[in-house]
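A.B. asks: Chain by chain, the residues run as shown.
4 protein chains.
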Amino acid sequence: MTTPVIHGIIGYTITPFSADGSAIDLPALGRSIDQLIDNGVHAIAPLGSTGEGAYLSDAEWDQVSEFSLAHVAKRVPTIVSVSDLTTAKAVRRARFAEQHGADVVMVLPASYWKLSEAEILAHYRAIGDSINTPIMLYNNPATSGTDMSVDLILNIFNTVDNVTMVKESTGDIQRMHRLQQRGEGQVPFYNGCNPLALEAFAAGAKGWCTAAPNLIPALNLALYDAVLANDLNAARALFYRQLPLLEFILKGGLPATIKAGLRLTGLEAGDPRLPVFPLADAGVTQLHGLLAQLK
Amino acid sequence: MTTPVIHGIIGYTITPFSADGSAIDLPALGRSIDQLIDNGVHAIAPLGSTGEGAYLSDAEWDQVSEFSLAHVAKRVPTIVSVSDLTTAKAVRRARFAEQHGADVVMVLPASYWKLSEAEILAHYRAIGDSINTPIMLYNNPATSGTDMSVDLILNIFNTVDNVTMVKESTGDIQRMHRLQQRGEGQVPFYNGCNPLALEAFAAGAKGWCTAAPNLIPALNLALYDAVLANDLNAARALFYRQLPLLEFILKGGLPATIKAGLRLTGLEAGDPRLPVFPLADAGVTQLHGLLAQLK
Amino acid sequence: MTTPVIHGIIGYTITPFSADGSAIDLPALGRSIDQLIDNGVHAIAPLGSTGEGAYLSDAEWDQVSEFSLAHVAKRVPTIVSVSDLTTAKAVRRARFAEQHGADVVMVLPASYWKLSEAEILAHYRAIGDSINTPIMLYNNPATSGTDMSVDLILNIFNTVDNVTMVKESTGDIQRMHRLQQRGEGQVPFYNGCNPLALEAFAAGAKGWCTAAPNLIPALNLALYDAVLANDLNAARALFYRQLPLLEFILKGGLPATIKAGLRLTGLEAGDPRLPVFPLADAGVTQLHGLLAQLK
Amino acid sequence: MTTPVIHGIIGYTITPFSADGSAIDLPALGRSIDQLIDNGVHAIAPLGSTGEGAYLSDAEWDQVSEFSLAHVAKRVPTIVSVSDLTTAKAVRRARFAEQHGADVVMVLPASYWKLSEAEILAHYRAIGDSINTPIMLYNNPATSGTDMSVDLILNIFNTVDNVTMVKESTGDIQRMHRLQQRGEGQVPFYNGCNPLALEAFAAGAKGWCTAAPNLIPALNLALYDAVLANDLNAARALFYRQLPLLEFILKGGLPATIKAGLRLTGLEAGDPRLPVFPLADAGVTQLHGLLAQLK
Numbered sequence: 001m002t003t004p005v006i007h008g009i010i011g012y013t014i015t016p017f018s019a020d021g022s023a024i025d026l027p028a029l030g031r032s033i034d035q036l037i038d039n040g041v042h043a044i045a046p047l048g049s050t051g052e053g054a055y056l057s058d059a060e061w062d063q064v065s066e067f068s069l070a071h072v073a074k075r076v077p078t079i080v081s082v083s084d085l086t087t088a089k090a091v092r093r094a095r096f097a098e099q100h101g102a103d104v105v106m107v108l109p110a111s112y113w114k115l116s117e118a119e120i121l122a123h124y125r126a127i128g129d130s131i132n133t134p135i136m137l138y139n140n141p142a143t144s145g146t147d148m149s150v151d152l153i154l155n156i157f158n159t160v161d162n163v164t165m166v167k168e169s170t171g172d173i174q175r176m177h178r179l180q181q182r183g184e185g186q187v188p189f190y191n192g193c194n195p196l197a198l199e200a201f202a203a204g205a206k207g208w209c210t211a212a213p214n215l216i217p218a219l220n221l222a223l224y225d226a227v228l229a230n231d232l233n234a235a236r237a238l239f240y241r242q243l244p245l246l247e248f249i250l251k252g253g254l255p256a257t258i259k260a261g262l263r264l265t266g267l268e269a270g271d272p273r274l275p276v277f278p279l280a281d282a283g284v285t286q287l288h289g290l291l292a293q294l295k
Numbered sequence: 001m002t003t004p005v006i007h008g009i010i011g012y013t014i015t016p017f018s019a020d021g022s023a024i025d026l027p028a029l030g031r032s033i034d035q036l037i038d039n040g041v042h043a044i045a046p047l048g049s050t051g052e053g054a055y056l057s058d059a060e061w062d063q064v065s066e067f068s069l070a071h072v073a074k075r076v077p078t079i080v081s082v083s084d085l086t087t088a089k090a091v092r093r094a095r096f097a098e099q100h101g102a103d104v105v106m107v108l109p110a111s112y113w114k115l116s117e118a119e120i121l122a123h124y125r126a127i128g129d130s131i132n133t134p135i136m137l138y139n140n141p142a143t144s145g146t147d148m149s150v151d152l153i154l155n156i157f158n159t160v161d162n163v164t165m166v167k168e169s170t171g172d173i174q175r176m177h178r179l180q181q182r183g184e185g186q187v188p189f190y191n192g193c194n195p196l197a198l199e200a201f202a203a204g205a206k207g208w209c210t211a212a213p214n215l216i217p218a219l220n221l222a223l224y225d226a227v228l229a230n231d232l233n234a235a236r237a238l239f240y241r242q243l244p245l246l247e248f249i250l251k252g253g254l255p256a257t258i259k260a261g262l263r264l265t266g267l268e269a270g271d272p273r274l275p276v277f278p279l280a281d282a283g284v285t286q287l288h289g290l291l292a293q294l295k
Numbered sequence: 001m002t003t004p005v006i007h008g009i010i011g012y013t014i015t016p017f018s019a020d021g022s023a024i025d026l027p028a029l030g031r032s033i034d035q036l037i038d039n040g041v042h043a044i045a046p047l048g049s050t051g052e053g054a055y056l057s058d059a060e061w062d063q064v065s066e067f068s069l070a071h072v073a074k075r076v077p078t079i080v081s082v083s084d085l086t087t088a089k090a091v092r093r094a095r096f097a098e099q100h101g102a103d104v105v106m107v108l109p110a111s112y113w114k115l116s117e118a119e120i121l122a123h124y125r126a127i128g129d130s131i132n133t134p135i136m137l138y139n140n141p142a143t144s145g146t147d148m149s150v151d152l153i154l155n156i157f158n159t160v161d162n163v164t165m166v167k168e169s170t171g172d173i174q175r176m177h178r179l180q181q182r183g184e185g186q187v188p189f190y191n192g193c194n195p196l197a198l199e200a201f202a203a204g205a206k207g208w209c210t211a212a213p214n215l216i217p218a219l220n221l222a223l224y225d226a227v228l229a230n231d232l233n234a235a236r237a238l239f240y241r242q243l244p245l246l247e248f249i250l251k252g253g254l255p256a257t258i259k260a261g262l263r264l265t266g267l268e269a270g271d272p273r274l275p276v277f278p279l280a281d282a283g284v285t286q287l288h289g290l291l292a293q294l295k
Numbered sequence: 001m002t003t004p005v006i007h008g009i010i011g012y013t014i015t016p017f018s019a020d021g022s023a024i025d026l027p028a029l030g031r032s033i034d035q036l037i038d039n040g041v042h043a044i045a046p047l048g049s050t051g052e053g054a055y056l057s058d059a060e061w062d063q064v065s066e067f068s069l070a071h072v073a074k075r076v077p078t079i080v081s082v083s084d085l086t087t088a089k090a091v092r093r094a095r096f097a098e099q100h101g102a103d104v105v106m107v108l109p110a111s112y113w114k115l116s117e118a119e120i121l122a123h124y125r126a127i128g129d130s131i132n133t134p135i136m137l138y139n140n141p142a143t144s145g146t147d148m149s150v151d152l153i154l155n156i157f158n159t160v161d162n163v164t165m166v167k168e169s170t171g172d173i174q175r176m177h178r179l180q181q182r183g184e185g186q187v188p189f190y191n192g193c194n195p196l197a198l199e200a201f202a203a204g205a206k207g208w209c210t211a212a213p214n215l216i217p218a219l220n221l222a223l224y225d226a227v228l229a230n231d232l233n234a235a236r237a238l239f240y241r242q243l244p245l246l247e248f249i250l251k252g253g254l255p256a257t258i259k260a261g262l263r264l265t266g267l268e269a270g271d272p273r274l275p276v277f278p279l280a281d282a283g284v285t286q287l288h289g290l291l292a293q294l295k
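Protein chains in written order, with the working numbering: chain A, 1 to 295; chain B, 1 to 295; chain C, 1 to 295; chain D, 1 to 295.
One or more hints might be untrue.
Since the list gives no way to pick one copy over another, a pair counts as held whenever it fits inside one copy or between any two copies.
Said to hold, decoys possible - Straight-line Cα separation of at most 35 Å, DSBU-like style, residue types lysine-lysine; simulated pairs:
| # | residue 1 | residue 2 |
| --- | --- | --- |
| 1 | Lys295 | Lys89 |
| 2 | Lys251 | Lys74 |
| 3 | Lys114 | Lys206 |
| 4 | Lys295 | Lys114 |
| 5 | Lys251 | Lys206 |
| 6 | Lys89 | Lys206 |
| 7 | Lys295 | Lys74 |
Hint data in this document are derived by calculation from the structure and do not stem from the laboratory. These figures come from a predicted structure and were not determined experimentally.
Model the full assembly from the supplied sequences, consistent with the hints where possible.
C.D. replies: Written as structure tokens, this is what we have:
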């Protein structure tokens, strides 16, 4: 197992549906991937929250996973979210992604029942034992219902060999401080909370996992570049410039807002699956205005 | 559509698995249903949280649903949980349950993404429009991630014709007060939080949705009888007598503790599906002690 | 030390101010006390939250304390709230109340800084050591900022001899269950959360600490009587009848709503001290309507 | 009214007590002030949380206020916390501080009762109307029990002329983003949460309100200097270097830890007032170790 160096702007893909919502629109998915890569993102992440991974059948999930990996074709690393409600299903997805060339798999301990720390650790261990691909541990209590403490995260990181990265999305910047401190600077962490983009980089995050580059890649990349250039003033200005859009897509829901934004730019990707609504007209108008300001 | 009168002790069934966890053990499921009915529960509810509904494949879900309905065979009403992550999947399950004879279907707005009130209403409306069976709306933010306000619940109740019952599991007794007050006594509500069994009946709940009758049916029924007999002192004494067990099964997780308890009484139902652990030895010993005290 | 048997409806007094707010209106205070006792409350509690104890100078606090005790004159037991921000000040108040005849003193661990469990225990111990009067421990995180766990409460109860009663105001009925269970039925607990009046009695509370009898004493007492008579149905009906008023006074703030209500009945007690506003006109109208319905 | 330019490191003073805790040790207070100024802090803030302002009698408060202002003697600006539980008392303190030369007064809406937005606004307006000195609005729900929304803060800022600065201590960095965005860069905000020192400066805070310079002034100042020099990498390294100490003083309580730290450096300032404990021996040892590492 060689761990790829994942850093910078990690672009999350949407999953385009046909007009009636029943089928995956693979050509549109290909275009959205190309657009992200052409615009300079440092990695591609299919089937995350933005990709409505939770709303796909197993067959659809496989289809999107296989297609995405083939289409990225190693131009940049690909990080496939393989979370599922049971350990057996998550293992199946992890193996599938590995077999089709995933550079990293991402695992959120999604579960209906609140899991104990031992259950979470065993879940990661079972997935880790079943593949040779690096795992990005993902903490996002807002969607998973499970908040992993920094101690638990470090325990998993130190116990499961191929857990080599941490994506933190609690929205509490102090979690990153603790990962940095208690991990003695040896735990690569990535930010998954858009409105914390500036602070996460200030705190030492290696990358920013975000769907925003579907809409404003240049600003996302410029923020990262300013950080690399050690230019805090420029980073701050770039952050505040894009913050209204970052807040908008968070508040409006990533699948709805990103799909609406892509539609505005000519890339038709269908609507989100119900019960998630497409962005309402007022929201589309607001999004249009926000994007216009950022041109 | 005739709405059945659902009241009293509504027993939730586990989903028994084979020893290796891969298959459903239908004979064991039948035995657990018979045991609940023989012990006097007023309704049977398969495929809820206790039934690990979220951890089943669609084929397994259909199998359990069909078998349970056939096996109950109208001895008591059956309430089938048909929650699923997308509206389309929940509709499919609701129709399936209806076609196989469900008296009521229960719907939790389970979703990966936080849903707006409009999205939740539309979800219920879509399910309601697709069947002629009464719907029990289920509010349980701890498992669904979505907390429906009393105002939203009443809006759905008043808007969607076949939403005729509300199961409340927030653990906040004041929600039931508000359902009673703002619903002007016309909204039948049911308690889904075991440690609130006494207070929910005091507040006017029509029934108690619980997995406890798998283990201590006589005490559950006696509490309800004391309430019907307007004997608060007896109800209080019965409540405190069973409270340690109610707290234990809540804290230990319903599938793990109920399956362990059934095993102690000779009804082998397998283990929960990973990532959920079976009850550890220390827990089994503690459960054994609790049950012995209640004999 | 003889512990008085405190039970039933414990009426909290307001602290009347002169029209310009600068002085205590003792005659009005006397009238409000007489009214509570004449209407049948089982105990009187001056200088609590309702009594704006936190907003008085030390001299004013002494004046109200001394006057109230003299005026009640042992017709019923008197429970004086002696909470203060430092241990030395709380000790001084406790001694003052004791010297002037208090039957019980009530102590909330009010503090600017979050206190450790050891600090809270020491605070109670210091007060307990300085007097021979029973202490009612008071848990109300919403006003004190400190939430005492049931374990801490029981530790204080078992460690400090004259802590012999617990007033619970978290609004979480399960705290009372735990006090009952872990205290093995030996810890007298009192409800301080008006909307939980019914459930607290169902759970075994010895009494209800409330400012409501300033306005609707008959209903408060009838609820308690129904509980004593083991008549759950009557208790439930009485509870729902008074619940809108209980919620109104909680939501509107006790000093503002109780003073407004007393004014409506002809007992002028001035306004609350700023920054607390008197009840606005719309609120007064609403209160008037609620009271009219309950006549 | 001339608004002083408040920026950089704003040092909070402790209030030294005599050995038996009954009197203020003014010479020690003078030494602690001199030490802060000699070490380069940009402003001095007496009687804040660190200064145990809430635990002083009115006479003591006046004594500390007057002495501190006279002793600082305009070497740097002085910001006096004048918060009190009633509006009348806060007005009195504000006038007192102004009369004795305060450059700024700081106001936390400390209150026993939860205040409405209108009540909070009126509180600030009453204080503002009574003085000609600039006011630093202070939001710290952990100690005041009142969390002011950004909208309310901006409303007060725009309505009350002499509210010209905002100190934010919720610990949520996104509050600062909103102050910056919705205030269109015109609302000077200051960080009051030690572990957010780096992120607050990254987000554009004008200063850092902290008791830490009593112990590690050089590191606090160096962090600010790195930010001024636009050197994010240096700022990050300086931040992580001092973070363990910042977390320690926050967790251990500022009066206890800062007084213990001053004692370690030879400046005896007595103990905090009960119920707050002095730092226990184990804590002193840990603090000694932390300080030694930072030398």
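A.B. asks: Against this structure, judge whether each hint is valid.
C.D. replies: Hints and how they fare:
1. Lys295 with Lys89: neither (43 Å within a copy, 40 Å between copies)
2. Lys251 with Lys74: Within one copy only: 33 Å inside, 46 Å across.
3. Lys114 with Lys206: This pair counts as both: shortest intra-copy Cα distance 30 Å, inter-copy 28 Å.
4. Lys295 with Lys114: between (44 Å within a copy, 30 Å between copies)
5. Lys251 with Lys206: For Lys251 and Lys206, both the intra-copy (25 Å) and inter-copy (28 Å) Cα distances are at most 35 Å.
6. Lys89 with Lys206: Classified as within; 30 Å inside a copy, 39 Å across copies.
7. Lys295 with Lys74: within (30 Å within a copy, 49 Å between copies)
This entry does not satisfy hint 1, going by the numbered hints stated previously; all others are met.
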